[in-house]
Amino acid sequence: EAQVTQNPRYLITVTGKKLTVTCSQNMNHEYMSWYRQDPGLGLRQIYYSMNVEVTDKGDVPEGYKVSRKEKRNFPLILESPSPNQTSLYFCASSFSGLSGNTIYFGEGSWLTVV
Amino acid sequence: ILNVEQSPQSLHVQEGDSTNFTCSFPSSNFYALHWYRWETAKSPKALFVMTLNGDEKKKGRISATLNTKEGYSYLYIKGSQPEDSATYLCASITSGTYKYIFGTGTRLKVLA
Chain H
981 EAQVTQNPRY LITVTGKKLT VTCSQNMNHE YMSWYRQDPG LGLRQIYYSM NVEVTDKGDV
1041 PEGYKVSRKE KRNFPLILES PSPNQTSLYF CASSFSGLSG NTIYFGEGSW LTVV
Chain R
142 ILNVEQSPQS LHVQEGDSTN FTCSFPSSNF YALHWYRWET AKSPKALFVM TLNGDEKKKG
202 RISATLNTKE GYSYLYIKGS QPEDSATYLC ASITSGTYKY IFGTGTRLKV LA
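So the sequences go chain by chain: H and R. For the first sequence, position 105 matches number 1085 in the numbering used here, and the numbering has no gaps at all. For the second sequence, position 69 matches number 210 in the numbering used here, and the numbering has no gaps at all.
Watch out, some of these pointers could steer you wrong.
Unchecked claim - Only some residues are given here: those of chain R computed to face chain H with a beta carbon under 7 Å: (1) 185; (2) 187; (3) 190; (4) 194; (5) 240; (6) 243; (7) 244; (8) 245.
To be verified - Think about it this way: if two alpha-carbon atoms lie no more than 25 Å apart in a straight line, the pair counts; the simulated BS3-like pairs of lysine-lysine are: (9) H:1049 / H:998; (10) H:1051 / R:199; (11) R:240 / H:1049; (12) R:210 / R:199; (13) R:198 / R:250; (14) H:1037 / R:186; (15) R:186 / R:200; (16) R:200 / R:183; (17) R:199 / R:219; (18) R:183 / R:240; (19) R:210 / R:198; (20) R:240 / H:1045; (21) R:250 / R:219; (22) H:1051 / R:240; (23) R:219 / R:186; (24) R:200 / R:219; (25) R:210 / R:183; (26) R:198 / H:1037.
FYI, nobody ran anything at the bench for these hints, they're computed from the structure. Just so it is clear, CB atoms sit at the ideal spot from N, CA and C, and this is done for glycine as well.
Kindly produce the complete structure, drawing on both the sequences and the hints.
This is the structure we're talking about:
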């Protein structure tokens, strides 16, 4: 089954404790991205990757890092989480970065930073 | 950042009613518009990808139109059913970028 898998789905952590949210897709997609969803705001893009070893900032990259060492994986790293990073995070992928391609979303990761 | 606006923010309709909502987006350098359906506790799922002015897409009771010159798209649901209850998101993509700008969504509740 074609899918985008994120882990963990739910996490409560403390300020400053580094964490990684993993994302994996099994569709051989070139394009992957991370979004955050906050009340009253649309999905906002954090980082995206056009292909292996190619990443770029989205609209809200501050406080986050990503890497794309393999085509299927695109982890999101919070080096020193802060309470303003409490949010619902979605990983997504599509066949290529061309905007005619459908985006496939993961199930979401609820992150709370206390 | 380009703004994508959706209206209304939320609406309740009776089962069997037809309804529609709007996505407004910047018309300059338009490349594509996506519609997604997002059910509670699930991930957004693609409904339509639209690229040409005048495009009309249909999937069952749901259809969408696109006007790139004036920068809007309509999503229509005919004969709403309770299972249509969800948030409907649109995303605009500008040529020369790889960024999808999402609206805040229209939350639809269909009452049985």
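Index of numbered hints that the structure contradicts, given in increasing order: Hint check: 4, 10, 25, 26 fail, others pass.
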